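Order-wise, the sequence lines are chains A and B.
The first sequence runs -19 to 521 under the numbering used here.
The second sequence runs 4 to 205 under the numbering used here.
To be clear, the hints were calculated from the coordinates, so they are not data collected in a lab.
Watch out, some of these pointers could steer you wrong.
Said to hold, decoys possible - Mimicking SDA-like on lysine to any residue, the simulated pairs with C-alpha atoms at most 20 Å apart in a straight line are:
1) A:Lys517 with B:Pro102
2) A:Lys30 with A:Thr126
3) A:Lys266 with B:Tyr139
Model, not experiment: these values are computed from the prediction.
Read off the chains here:
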Amino acid sequence: MISLRRLIGATLLGAALLAQAAEGPASPPAAGRPENATSTTDHSKLEALKGPFKTGPEVTKACLSCHNTAGHQVMKSIHWTWEAASPTTGKKLGKKFAANNFCGSPLSNEARCTSCHAGYGWTDKNYDFTNQENVDCLACHDTTGTYKKFGTDAGHPLYADREFEPMEGPPGKKQFKAPDLTKIAQHVGQPGRANCGACHFNGGGGDAVKHGDLDSSLKNPSRELDVHMAKDGANLVCSDCHTFNAHQPSGSRYAATSKDKHGFDLPKDDHNRATCESCHGFTPHKEAKINNHTSKVACQTCHIPEFARGGVATKMLWDWSTAGKMGPDGKPLFIKDDHGHLKYSAAKGDFKYGENVRPEYKWYNGVVHQVTITDKIDDSKILELNRVEGSANDPNARIWPFKVMRGKQPYDTENKTLVVNHVFGDDDTALWKNYDYAKSIKAGMDYAGLPYSGKFGFIETQMNWFITHMVAPKEKAVPCQECHTRATDGRLSAIPDIYLPGRDSNKLVDIFGGLAIVGAISGGLLHGIVRILSRRKENAK
Amino acid sequence: MSERIYIYKRYERFWHWSQALLIIVMMITGFEVHGSYALIGFQKAVQLHSLAAWTLLTLWAFTIFWQFTTGEWRQYLPSLKNVGAMIKYYTVGIFTNAPHPFHKTVVQKHNPLQRLAYLALLAFISPLIWGSGIFYLFYGDWARLGIDQTLSLETVAVLHTLGAYMITAFFFIHVYLTTTGHTVFAHIKAMITGWEEVDQHH
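Build the full structure now, drawing on both the sequences and the hints.
Structure below.
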């Protein structure tokens, strides 16, 4: 009986597999992407990778012995330079210049911040950006999942096991294991979701902190969470869309493409697929009425109903002004909320978190006005660190979803600039050691070589983060009436200068029309009542 | 004394009731699209509204053909004769049981006031609704047609809404007036069966 059932089961499974195979190229690629099975090189058999390797740079040297242009390619990429010119305003940006309302500047905090640099040993501002042996190949190409750059070692992994007490973790030292570099070097391959995620899921100093639509839940997401990256969805990895050309990634948050006019990315094309249209074209919907929206509404606006949907909360507010409080024991205060999230940190101030957050919507035409740490700022109002440009009449503008990060951060009240804050380091000025802003800001500004009046205050800031990941399956797209509604909490209630059916109307016409209908009904009723009454009188005669 | 005349032919009845259904559907869904209430959801309302619009356009194509081949279109020619008598009847006579001033026949089934009302509907409300509605329906093609700079969605939508209010008001008056036959349901019955009882005292 059991064997019969098994037989039937196996037959059904076989039929299902055949049916799937018959579906052709539209069916998702086989789970797991066995890149190394299709590769023509088994790296574990290479002489150059025999090892043993004691340090990262040793591995890099071995990689470059075959991939002899890779180092120089990487050294031109933003992953290495941390510099970029805004494609629209030409302004010099990148982590070294652009201001944000998370951790602040990597300047004077290098050893901590550069744990996410695609290189080794960026410990201070005198780093040699021309030495290709400092390129970190493994961060992106490890396929074992065991390679990890240590948080405070300037991009190096641990080379020996270490006891370490994380600043905001539970008290007590934790044992950290050094990864086996030789084994890792012998198992390199194409980057997977976890490689990119090691940094991009942890931006801002922890899982989910920064983006809202990028966190560790995307390593192996459900279809519901991310239809593109789910194993039972398209099972894509980051670089399937953020295509790399000679180690240069495509797609930029400094100026996301507001409206793709190129469409499908075909073979021999520019190999840039960091827009929805690259794969889905300009008219992806069956209904023309929905395709009509794409001239004014970004795909993401309907297809990402909420961000931080993977069960990991993202930071929505960071108030640096309250940092430095000590507990009754005289030690720095760290308070967790009911969900285990740090809601107060003596090192960083107050936090607020959000899960399943509805984005805010704004017109965006491809131009972002990013504030840098040297810009003069207007401290009479909330400072928008990266205002996105656009309006209803702008043919390049579409309505885009954003995570709006709110915060309060230090600035120079005399010179009216933001400041470099020296937070990390084992010295007598670092904020996270001494909890004294006067010292840490002075040290940061001196280090950066920027003018500082010596007087600081805190300014309220806002920052727009494009929401483009965590695309939900189509049946979970935002229903029409969440925008086409008169409700004041409609998703697009704040979008100006368009006539949005269901939201907008002409008040005069509504009054006239309402009166006409009421008049028609009550006129009929009145006439009818008089008819009935007069007939009765007639009959009574 | 009364006689029965066959006043509404089969196609006419079919046209009337399917048009009635379509217009009711469009009123209900249209005002949902307008944001007046939430009933079946915006998307379904738009889909149903558009489907009903296309169906009614098709029905009209057949109906116009029918009107001309049968000569029935003449029923809609206006005449000011006896309009005064009709107005007097609806404002006074109807309450005093006065006889209806208009004698319905197969070749003249609309009273003068009806003719005027239908003409107003055909000449003013209909073009307003259909004109704005078709532009609304093809909003996505405006850029291709080169009219996206001259036309605004707001103008089109507001005109369409204005037409919708007027036809809705017309609808309620029309329904009320069906009760003014020699019995309350006489006119409706006639529109269902085709046969109407007509007084013979003229």
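Going through the hints against the structure:
{"no.": "1", "hint": "A:Lys517 with B:Pro102", "verdict": "17 Å, holds"}
{"no.": "2", "hint": "A:Lys30 with A:Thr126", "verdict": "18 Å, holds"}
{"no.": "3", "hint": "A:Lys266 with B:Tyr139", "verdict": "19 Å, holds"}
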